[in-house]
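FYI, the numbering for the sequence shown is -24 to -1, 1 to 150, going by mature numbering (1 follows the signal peptide of the UniProt record, and there is no 0).
Mixed in with the good hints, there may be bad ones.
Just the calculated beta-carbon pair ranges, DEER-fashion [stated by the list, open to error]:
no., residue 1, residue 2, range
1, SER18, ARG65, 30 to 40 Å
2, THR140, ASP43, 39 to 49 Å
3, ASP26, GLY107, 43 to 53 Å
4, ASN150, ASP20, 20 to 30 Å
5, ASN10, ALA54, 15 to 25 Å
Worth flagging that the hints you see were computed from the coordinates, not collected in a lab. Cβ atoms here follow ideal geometry from the backbone N, Cα and C, with glycine treated the same way.
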Amino acid sequence: MIGRLQVRLGAILLLACAGGAANAQAVSALKGHNANAPVDFSADRIELQDRADRAVLTGNVDVKQGDMTLNADRLTIAYSSAQQTQVTRMDASGNVVLKSASETARAQFGIYDLQKRLVTMIGGVTLTRPGQGDTKGGRLVLNLNSGLATMDGGTVAGQRGRVTGRFVPPPRSN
């Protein structure tokens, strides 16, 4: 669901290698994503839980906002029902795939906080840019306000993970 998921892969890898840390930061072109654009969705089933101010979509969930799409097995949409219904957050789980025109991110879970303008992907995150390489980690956080993208290794069973990746350097002439 992220417009132009433009995490600058080279900067992430350079920071990860230079510091040897399990955390990398870069600037993302998502800063310009229009989080106010309409959100279209489809699914095999929807369950409205009005008293809880949420809707649960299950089965082949597809969500589109601008040029960003999100696919998942399940999506819970939280909304406020004061005066006018307003979506505040979307939580995706199961085979979460976030696509833009130039990148694809995959994870077990995804959270899109529309009020804070943050997208967080958690659990076996892989960010792929065809022909340019990929980056893997435990958590990817994209701040749509500042454009800052951060990937870290996450923590599993008390152990901190690492950010790993591969990039293809441009060919050099001799």
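Hint by hint, here is what the structure shows:
1. SER18 with ARG65: 30 to 40 Å: 19 Å, violated
2. THR140 with ASP43: 39 to 49 Å: Between THR140 and ASP43, where Cβ atoms are some 28 Å apart, the hint is violated.
3. ASP26 with GLY107: 43 to 53 Å: 47 Å, holds
4. ASN150 with ASP20: 20 to 30 Å: Since ASN150 and ASP20 have Cβ atoms about 56 Å apart, the given range 20 to 30 Å is violated.
5. ASN10 with ALA54: 15 to 25 Å: The hint (15 to 25 Å, Cβ to Cβ) holds, given that ASN10 and ALA54 are roughly 20 Å apart.
Figure legend: structure checked against the earlier numbered hints; hints not met, in rising order: 1, 2, 4.
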